[in-house]
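Chemist: Heads up: the protein sequence lines correspond to chains A and B, in order.
For the first sequence, this note's numbering begins at 1 and goes up steadily by one.
For the second sequence, this note's numbering begins at 1 and goes up steadily by one.
Simulated from the structure, these hints should not be mistaken for laboratory data.
Heads up, the beta-carbon is just placed ideally off N, CA and C, and yes, glycines get one too.
Hints are supplied without guarantee of correctness; some may be wrong.
Stated by the list, open to error - Restraint ranges, calculated between C-beta atoms of paired labels, are given here:
| hint | chain 1 | residue 1 | chain 2 | residue 2 | range |
| --- | --- | --- | --- | --- | --- |
| 1 | A | LYS54 | B | HIS106 | 44 to 50 Å |
| 2 | B | LEU36 | A | LYS54 | 33 to 39 Å |
| 3 | B | GLU50 | A | ASN61 | 32 to 38 Å |
| 4 | B | ILE146 | A | ASP18 | 33 to 39 Å |
| 5 | A | GLU26 | B | THR49 | 34 to 40 Å |
| 6 | B | ARG107 | A | GLY21 | 48 to 54 Å |
| 7 | B | LEU36 | A | ASN3 | 51 to 57 Å |
| 8 | B | HIS47 | A | ASP18 | 29 to 35 Å |
| 9 | A | ASP67 | B | ASP113 | 33 to 39 Å |
| 10 | A | LYS54 | B | VAL133 | 25 to 31 Å |
Unchecked claim - In the BS3-like style, the derived pairs of lysine-lysine whose C-alpha atoms are separated by at most 30 Å in a straight line are:
| hint | chain 1 | residue 1 | chain 2 | residue 2 |
| --- | --- | --- | --- | --- |
| 11 | B | LYS66 | B | LYS123 |
| 12 | A | LYS54 | A | LYS39 |
| 13 | B | LYS66 | B | LYS131 |
| 14 | B | LYS66 | A | LYS23 |
| 15 | B | LYS131 | A | LYS39 |
| 16 | B | LYS123 | A | LYS23 |
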Amino acid sequence: MSNAMNHVRVLFFATLRDRAGMKLLETDLEPAATVRDLKIFLAETNPNLREPMKSVLTAINHEFAFDETIIPQGAEIAMFPPVSGG
Amino acid sequence: MLPTICSITDEELDLDGLLAAVSLPSCGAAAIFTGLVRGVTTRGEAHRTEYLEYEAYRPMAESKMKQVADEIRDRWPTVEGIAILQRVGRLYPMTPTVLIICTAAHRDTGVFDAARYGIDRLKEIVPVWKKEVGPGGESWVEGDYIPQPGE
């Protein structure tokens with residue numbers, strides 16, 4: 001196992017983008033970091049995201065992901081509110 | 001190979017063209033649902049809408065549309081062609097925003113239910129959002145569905 005940091009892209013959509021003030025964040029996570037770890041990191045580094053992190057939906061590589069999901073190397077992560085298309 | 005079209009588009013939805021694209025010589029029925037931008041809302045809190053601004057997480061949205069099409073085929077094996085399209089961008093009242101077409105040999109094959117399932121499911125798992133703009137300002141429309149593992 002490599003101990004290298006995991007470089008990931010985090011995309012924000014709709015209300016999450018408005019709150020984050022950005023569309024894309026590139027960051028390095030600890031190996032074996034989970035979605036929950038990422039939410040905690042975002043809430044700590046961006047106060048505007050503290051509240052939305054409690055109810056945000058997360059996807060990893062185009063599939064829904066959950067708090068316990070371990071983030072794979074180089075993942076494309078997306079964070080957004082419940083969908084409202086149609 | 002049965003025709004399946006799943007797409008996010010910036011273009012006007014071509015209802016006739018899409019129907020032709022998912023019709024086969026064996027088809028005698030097509031259930032077509034399209035959603036429109038509603039300019040005047042009376043149900044619930046009455047209000048007017050100037051336009052809706054749609055956005056999508058395109059690669060995931062198209063992948064989830066394909067999943068919805070697969071779910072339709074699992075539930076209604078009689079369905080032949082499927083089209084699932086969502087238009088994005090700024091859309092004004094009376095404009096079609098979404099289109100679901102299911103075709104089958106006959107109308108009593110579950111084809112109405114299949115199209116209904118398609119639009120209901122799109123509103124649950126396909127990552128598209130809309131912002132509503134009206135005389136009182138703008139606000140995001142938020143859904144309430146929380147996907148579970150495996151969805």
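Chemist: Each of the hints needs a verdict: does it hold here or not?
Modeler: Now for the hints, and whether the structure bears them out:
1. LYS54/A <-> HIS106/B: 44 to 50 Å: 49 Å, holds
2. LEU36/B <-> LYS54/A: 33 to 39 Å: 34 Å, holds
3. GLU50/B <-> ASN61/A: 32 to 38 Å: Roughly 37 Å apart at Cβ, these two residues keep to the hinted range, so it holds.
4. ILE146/B <-> ASP18/A: 33 to 39 Å: With a Cβ separation near 21 Å, ILE146/B and ASP18/A fall outside 33 to 39 Å, so the hint is violated.
5. GLU26/A <-> THR49/B: 34 to 40 Å: 37 Å, holds
6. ARG107/B <-> GLY21/A: 48 to 54 Å: 51 Å, holds
7. LEU36/B <-> ASN3/A: 51 to 57 Å: For ASN3/A against LEU36/B, whose Cβ atoms are near 54 Å apart, the range 51 to 57 Å holds.
8. HIS47/B <-> ASP18/A: 29 to 35 Å: 21 Å, violated
9. ASP67/A <-> ASP113/B: 33 to 39 Å: Between ASP67/A and ASP113/B, where Cβ atoms are some 35 Å apart, the hint holds.
10. LYS54/A <-> VAL133/B: 25 to 31 Å: Holds, at about 27 Å.
11. LYS66/B <-> LYS123/B: 14 Å, holds
12. LYS54/A <-> LYS39/A: 8 Å, holds
13. LYS66/B <-> LYS131/B: 25 Å, holds
14. LYS66/B <-> LYS23/A: Holds - the C-alpha atoms of LYS23/A and LYS66/B are around 25 Å apart, at most 30 Å.
15. LYS131/B <-> LYS39/A: Satisfied, since the Cα-Cα distance of roughly 25 Å is no more than 30 Å.
16. LYS123/B <-> LYS23/A: 23 Å, holds
Hint violations for this structure: numbers 4, 8, all remaining hints satisfied.
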